[in-house]
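Chains as they are written, first to last, in my numbering: chain A, 9 to 368; chain B, 9 to 368; chain C, 9 to 368; chain D, 9 to 368.
Misleading hints may appear alongside valid ones.
Distance condition first, Cα-Cα at most 30 Å in a straight line; then the derived DSBU-like pairs of lysine-lysine [what the hints assert, rightly or not]:
#1 192/D - 206/D
#2 192/A - 206/A
#3 83/D - 329/A
#4 192/D - 83/D
#5 192/C - 206/C
#6 329/B - 151/C
#7 206/D - 83/D
#8 83/A - 151/A
#9 329/C - 83/B
#10 151/C - 83/C
#11 83/A - 329/D
#12 206/B - 192/B
The set of hints was computed from the structure by calculation and includes no laboratory data.
Protein chains: 4
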Amino acid sequence: MSHNSFGHLFRVTTWGESHGPAIGCVVDGCPPRLPLDEADIQTWLDRRRPGQNRFTTQRQEPDTVRILSGVFEGKTTGTPIALHIDNVDQRSKDYAEIAESYRPGHAQWAYQQKYGIQDYRGGGRSSARETATRVAAGAIARKVLGAGLAIRGALIQLGSRRIDRARWDWAEVERNPFWCPDAKTAALWEADLDALRKAGSSTGAVIEIEASGVPIGLGAPVHGKLDADLAGAMMGINAVKGVEIGAGFAAAALRGETNADPMRIQGNQVVFTANNAGGILGGISTGQPIVVRFAVKPTSSILIPIPSVNARGEEVEVSTKGRHDPCVGIRAVPVGEAMLACVLADHLLRHRAQCGEEKT
Amino acid sequence: MSHNSFGHLFRVTTWGESHGPAIGCVVDGCPPRLPLDEADIQTWLDRRRPGQNRFTTQRQEPDTVRILSGVFEGKTTGTPIALHIDNVDQRSKDYAEIAESYRPGHAQWAYQQKYGIQDYRGGGRSSARETATRVAAGAIARKVLGAGLAIRGALIQLGSRRIDRARWDWAEVERNPFWCPDAKTAALWEADLDALRKAGSSTGAVIEIEASGVPIGLGAPVHGKLDADLAGAMMGINAVKGVEIGAGFAAAALRGETNADPMRIQGNQVVFTANNAGGILGGISTGQPIVVRFAVKPTSSILIPIPSVNARGEEVEVSTKGRHDPCVGIRAVPVGEAMLACVLADHLLRHRAQCGEEKT
Amino acid sequence: MSHNSFGHLFRVTTWGESHGPAIGCVVDGCPPRLPLDEADIQTWLDRRRPGQNRFTTQRQEPDTVRILSGVFEGKTTGTPIALHIDNVDQRSKDYAEIAESYRPGHAQWAYQQKYGIQDYRGGGRSSARETATRVAAGAIARKVLGAGLAIRGALIQLGSRRIDRARWDWAEVERNPFWCPDAKTAALWEADLDALRKAGSSTGAVIEIEASGVPIGLGAPVHGKLDADLAGAMMGINAVKGVEIGAGFAAAALRGETNADPMRIQGNQVVFTANNAGGILGGISTGQPIVVRFAVKPTSSILIPIPSVNARGEEVEVSTKGRHDPCVGIRAVPVGEAMLACVLADHLLRHRAQCGEEKT
Amino acid sequence: MSHNSFGHLFRVTTWGESHGPAIGCVVDGCPPRLPLDEADIQTWLDRRRPGQNRFTTQRQEPDTVRILSGVFEGKTTGTPIALHIDNVDQRSKDYAEIAESYRPGHAQWAYQQKYGIQDYRGGGRSSARETATRVAAGAIARKVLGAGLAIRGALIQLGSRRIDRARWDWAEVERNPFWCPDAKTAALWEADLDALRKAGSSTGAVIEIEASGVPIGLGAPVHGKLDADLAGAMMGINAVKGVEIGAGFAAAALRGETNADPMRIQGNQVVFTANNAGGILGGISTGQPIVVRFAVKPTSSILIPIPSVNARGEEVEVSTKGRHDPCVGIRAVPVGEAMLACVLADHLLRHRAQCGEEKT
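Chain A on its own, in the form it takes in the complex (with noise of 0.2 Å):
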């Protein structure tokens, strides 16, 4: 079963709400004898971190790793690993107001009718901040994975304005507070996002993930297909609507010559001529670059107030005060490249168990 857990054998289970005293997850079958520190986590945590910048929350959270378990001088020893991280800049009366009211488009609405309870403060579980526990889970997972194979991703669009691929730069993303592989676009989604707060309004992103130097022969069709995983994990981050591999959409349009990306041979190596697949075919990874991308819608969370109705069955009006991103795309660069490195790792290790070690 999979409530709060991904993965069959690197498999993660997080828990943890808003403004609850900590989060944290479970990472349960990783490889033992691979170097682990608290470090290793924390640098990946530190990209994710809200209130780096005035683009995202301004809640401070340091959002400092502990390991409780699973590693012993440096090392995993194979058992569970516990990671906890504690929440310190809770300020649960920011919500007071909201308790009663449902804020459209939100999960708030929709816990309260499934559970007939919830912890609303902040939005309780399903607030991004579990996302931190992903990322810390991504961070073993690379590990996992090792240093051959590269996970890295990019923000391709902030509301309706798109980068232009011919400007990428895998060297830009690091350099602006956007994730943003197109300087020139960079600059623009500045202003864009500034007249957007200004307004108490939000937007949607897209967000695109590459992994390269991915093994051939991950996947486990036909029920298990790593492009499968990889969408319902993509489509499990807060606030998705959409994920695509490779072509993605685009390929409805083309024809079968375009879209098959052709074969040759380069040494002893078979190598592909084009990514249509986006590195998978029937379920399997190919060696080629994995390509992923996922569509966040705005967050509910505005100053401009919605029709909604409250817990008393009134219809109201509700606009959001508190801290909150305008748009949650951005932080969700590194929550994508922790899944995708967790779907990765999760299949190395099935790959393993049924065919012997994996081909690179």
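Could you slot chains B, C and D onto chain A? The hints should help.
Structure of chains B, C and D alone, referenced to chain A:
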């Protein structure tokens, strides 16, 4: 684990190769005492069946299903339901010449790399033939969901040509060979596909599936979200490259106040005045119609030759002469319906387990 | 979930009722390229087959197995292996009169209470007939384990009479109808069982299964321990009421210095000079022979009438006239072997996933 | 997968080492709106706590539990419940000298072989300390089961001395340090254990756990049988070597007419006039009390030296000077109760999922 199973409580395990003696599945976890006979399943299989018009493969498969267990005197018993469909029109000689040459864009090469062996006849396990078992399982899922929950699908884009949503008419879907809800576009697709077939090519498609009458509260946040499971289920269908829920990728370009579906009170009920969410908030069903779309790439089995390699590591040109669908997306409509039914049935049982009877 | 599946990576899903058209199973996760044909499986099914002597049920079932998928040109392909066994000797009339009356000690009443319906013919799903599919799956598990790992079983107690372990001779096991390793006791059992049959009664038994050549390191502590999974697997066999490993219940009476198996060095190897642990420490295999025993209760289908109730809520006396085993424990020997094989195959793959290739 | 998780719908994931900073678990799938606070859990932890008398290890651990998530304003919310217990009395120096020498009969050597690394301090993950998290989870399981279902356990054999069942008095269990239901035997055990401690030895035990008020119909045949899951759960407790249900191993010696529990009508209810089945038929609960027994071997950590090997491959004698239980079976009583509670809670939810509300 989920190599060839999907679902947790309504659990389907499928087996079979395109040119083996039979295909089938085992449906486990079905509630007892539901009326079920072979005709209940056959009716849905007949919709997916190939060879019914000139726009699908000419392979003639009656797809006659037999129930081998789990049903007694016309009712489910709560024990596993084994479904069995004989393969009757295998023509393996069609594939003899390509046994050694890999179709670009096809799973064949990836299977060979992963397993070091494959049943290459007709695509073996990666054949769209496997989807018949999903449709069969979906028929049982519909019984679990009950008559109040309706699932229906339509083709909304074929190649680069989209339907006009203003002309959407569900009744039209049953009147043309494309499950097209727009009669005018259906006529154009007929010409499009005839041209493609003459050219020996193929094209992709976009399918939309809708479920209405869905109980509120289905979905298990945060790692068993209903939309995450739907995304995985749809991406796991052969040739699918993208999945979206509700506004989907278009949500990225919206602003918060446009995207959030307002809530109002009608009678004693909360109603939503829009459905950008596609019926799911925070991974939980809201009672609105669930709307999911997925993109299917063009089939890689085409007459037009593509640069490829063979099993001896030589460069070759591959063209595929067997019987194929010029647009596999067409037959994906009933498959998408079935997958949605299975995911909902699973979550209905999961919700009942944790929270008791569901709200409708 | 595990309603009708067992194992995680070597995963077996079984289906079928005693008097339905067929029984079968799907074995998923099997490594590719293992030589496998129907004869490899049939040889083990023949050992379990009923009607071979006067001490088992006279139902005549050839138990001919067909492989419907997952094997190509004599080798496994890594895709699910569907096994199918037709039921040919159903005589449902034998059961007509007891359809409405519940056999005390039999699953029939419990099934009715749980599901509100049941296929009562021959015990339906609860029939020992289901174990044929376990034996079939076990045959594949043995292929996964390889020739270096030997699994064999014996009956060590029938009714109140135990074998004399000093006379244990594995060769003897194949020479009598009881899988008894002690010829002298086998002769006494023959008389015991003839008397029981004449009396219209039945009795229980204790079975011991041993696996030698087991790699070191199998088992996933602390909730996937090898002994815990073995206990579940054995207790899940029909009519089993107790399971023990190594010294088992007798270990309770030992002192620490007597129970602990001393370790010495022989060549470069660690050897144990005793095996109270039954080959498992801390849930992990040690390389010593794994020894598991389980107790089977007497079958509840006997001629002697027992006070019971019927479906109309009336008190009745029930005696069962169908064809039954006076001691179902006898045929449980090959079933126990198969379950041990399946558990070990599963853990072999699990260990390889997490830790790489196993030590032998 | 189940490396460090157990249960499917009521799912417990445990983590932590004996001498790490803390131990804990995540309980996922708990129904919402159950009253729960830390005191509800602490009361059960206090029963298992070490150092309360001279017959258990003198390690002083307050075992104070904190709830870090999943509970809001005193009620469960349906989201994962994280439980955290700090380790406060680690004295790792006790173990320094045996870090390199393997205790015979202990998991230490097997862990080293499997993982190539281990946290050897105090047994690391294999320590009985891990069972505190099971007891904590069991406290929540009891809430799920409700007040109508009572679970209680007793020690019925310590070393070779068994209780006299004729003197069984449940009230007595709380009055002696052994959970012994027979006051006279408890007095003898006191002398037995004092002698053992002086000798620097240890001994085993047999525990019996009983659940009354169990709903009819729990259990998922044929591979998720209630008794099979119970057997796995009990065998998974540290040092357990045998498990039996109802008549258990003694059933092997019974005849069919003696073993089958007769059924009669009382009022409108079916009642059983015996309970050899231990409350389970065909893997399904019958409403009778569930009775399960398990045997615990003597702890391997004793003062008496045993022939062993060290990490350098040399033969050594090992004696263990740390703080240990002369009979770990004593503290296994609350652990067995907790495991029974967890298995029943899981099956209660599983049954509700498939069949709707359960019968009581």
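- Message: Could you work out which of the previously given hints the structure breaks and list their numbers from low to high?
- Response: The structure conflicts with hints 4, 6, 7, although it agrees with all the remaining ones.
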